[in-house]
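**Student:** My request is simple: use the sequences and hints to build the entire structure.
Heads up: the sequence shown begins at 228 in our numbering, then just goes up one per residue.
Accuracy of the hints is not assured; some may be wrong.
Here are the simulated DSBU-like cross-link-like pairs (lysine-lysine), alpha carbons at most 30 Å apart as the crow flies [what the hints assert, rightly or not]:
hint, residue 1, residue 2
1, K300, K413
2, K357, K300
3, K254, K300
4, K272, K317
5, K317, K340
6, K374, K340
7, K272, K301
8, K413, K340
9, K317, K301
10, K272, K397
11, K254, K422
12, K323, K254
13, K323, K340
14, K368, K422
15, K397, K368
16, K374, K357
17, K298, K317
18, K340, K397
Hints are computed from structural coordinates only; laboratory data are not their basis.
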Amino acid sequence: MNNHRAHGFSSALFLDSDEILGELDLKGDETFMDAGCGDGHIAIKVVEEYLPNGNVYAVDVYDASIEDMEKYKKENGIENLINIEADITKGIPGVKDESVDVVLMVNVFHGFKASRTMDEAIVEFARIIKQDGKIAIMDYKAWDVPKGPPTAFRSSPEELEEIFMNHNLKMTYLNEEIGEDIPQGKSHFFIVFQKE
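**Tutor:** Here it is, written out as structure tokens:
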């Protein structure tokens, strides 16, 4: 039983992955991590269209997600995709310190707030990104709207900025007009943190 598939629907159905990846200005040779990859649609798109000469890590806590990604990797003979089953808050095995250019989380970070493990997650991301690397988060605005996680688990960009600052990571980019059109406006924000 794959909890993840039962747990939520893929963001591929309502978020435009090209819009998201366009925010990152990828050159084509980076080491990229889709953290909390879920069904892997973003990792797959990055491998196929954005990083011909890069490496892509797909990381998820659910074994079924990683099994699916391994199957995709084998069936398509893809060399530069590395799939890792891991609880990010306890560390990502096999990823060296300062070895990743970009970590992307789409609709993932609120899960760390829900489990009260934001600090642990940030420590691990800070460990793996390069000195000029980026931690990019796209998540639901902290609005009380029906779609998405409970309001209590949502964070505003300001809240995230404060938490990341405690780990010597500064906000270097913010887009508050991204995602799905809902009656209140755009559903998401996209924020990037880098080492000071």
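**Student:** So, for every hint listed, does it hold in this structure?
**Tutor:** Hints, verified against the model:
{"no.": "1", "hint": "K300 - K413", "verdict": "violated (34 Å)"}
{"no.": "2", "hint": "K357 - K300", "verdict": "holds (26 Å)"}
{"no.": "3", "hint": "K254 - K300", "verdict": "holds (22 Å)"}
{"no.": "4", "hint": "K272 - K317", "verdict": "holds (27 Å)"}
{"no.": "5", "hint": "K317 - K340", "verdict": "holds (15 Å)"}
{"no.": "6", "hint": "K374 - K340", "verdict": "holds (17 Å)"}
{"no.": "7", "hint": "K272 - K301", "verdict": "holds (16 Å)"}
{"no.": "8", "hint": "K413 - K340", "verdict": "holds (22 Å)"}
{"no.": "9", "hint": "K317 - K301", "verdict": "holds (28 Å)"}
{"no.": "10", "hint": "K272 - K397", "verdict": "holds (28 Å)"}
{"no.": "11", "hint": "K254 - K422", "verdict": "holds (20 Å)"}
{"no.": "12", "hint": "K323 - K254", "verdict": "holds (22 Å)"}
{"no.": "13", "hint": "K323 - K340", "verdict": "holds (25 Å)"}
{"no.": "14", "hint": "K368 - K422", "verdict": "holds (24 Å)"}
{"no.": "15", "hint": "K397 - K368", "verdict": "holds (20 Å)"}
{"no.": "16", "hint": "K374 - K357", "verdict": "violated (35 Å)"}
{"no.": "17", "hint": "K298 - K317", "verdict": "holds (25 Å)"}
{"no.": "18", "hint": "K340 - K397", "verdict": "holds (19 Å)"}
Figure legend: structure checked against the earlier numbered hints; hints not met, in rising order: 1, 16.
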